[in-house]
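If you read the sequences in order, they're chains A and B. What the first sequence shows, in the working numbering, is residues 121 to 236, in sequence order. What the second sequence shows, in the working numbering, is residues 9 to 123, in sequence order.
It is worth saying that the hints were derived from the structure and are not from the lab. For clarity, every value in this text was computed on a predicted model and none was experimentally measured. One or more of the hints may lead you astray.
Stated by the list, open to error - Each computed PhoX-like pair below joins lysine-lysine, with the alpha-carbon atoms no more than 25 Å apart:
1. B/LYS66 x A/LYS177
2. B/LYS110 x A/LYS191
3. B/LYS76 x B/LYS66
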Amino acid sequence: DTGVSQDPRHKITKRGQNVTFRCDPISEHNRLYWYRQTLGQGPEFLTYFQNEAQLEKSRLLSDRFSAERPKGSFSTLEIQRTEQGDSAMYLCASSLSGAGGNNEQFFGPGTRLTVL
Amino acid sequence: AQSVTQLGSHVSVSEGALVLLRCNYSSSVPPYLFWYVQYPNQGLQLLLKYTSAATLVKGINGFEAEFKKSETSFHLTKPSAHMSDAAEYFCAVSTSSGGYQKVTFGTGTKLQVIP
């Protein structure tokens, strides 16, 4: 299967700990997105990469959050000093750039974070 | 600015009945519109997308949606519900902004199919 993969699928951590999630996009996709989805809500945009450049960050992405895509392939999302409010599903998506805004984003299965 | 409103957080239909999930959008530029389905503890799967071609869009699993500019709507329908359609459905609007594809999702509609 050559879809978007995310690791781990589930993470339980204690408040104050740091966590890191990984996303491997579809190999030829140059765009990568991170979203957060809380219970009863749709996904909310966090950040976006084109190749290795982080081009946009949401106001939701506090200074405790950092994302990287060092070689323009896989990406990591780190949350430092986790808080209970960080508990959510973190979704990664990738797409191929092209004309217009209709390029489909392909989603991974998500990482469900529970902060105790 | 763009936004999506999904009317009804929960919808119940009987197996074999018509499925209608409502979505209204707001966008200052011509939008692209999507419907995604999400099964429990899984990511989102694209059902169909509107990209300014035909206003009636057919997707996977027998779903279709009609883009109505005058009503700013993109409702999702399926003539006959199956048990396997029980899931959460998200409508999304996308516009280009400096080459970036900005996608905004609705809050979702959970579809329950009653045997």
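Hints versus structure:
1. B/LYS66 x A/LYS177: violated (33 Å)
2. B/LYS110 x A/LYS191: Roughly 23 Å separates the two Cα atoms, so the pair holds.
3. B/LYS76 x B/LYS66: Status holds; Cα separation ~15 Å.
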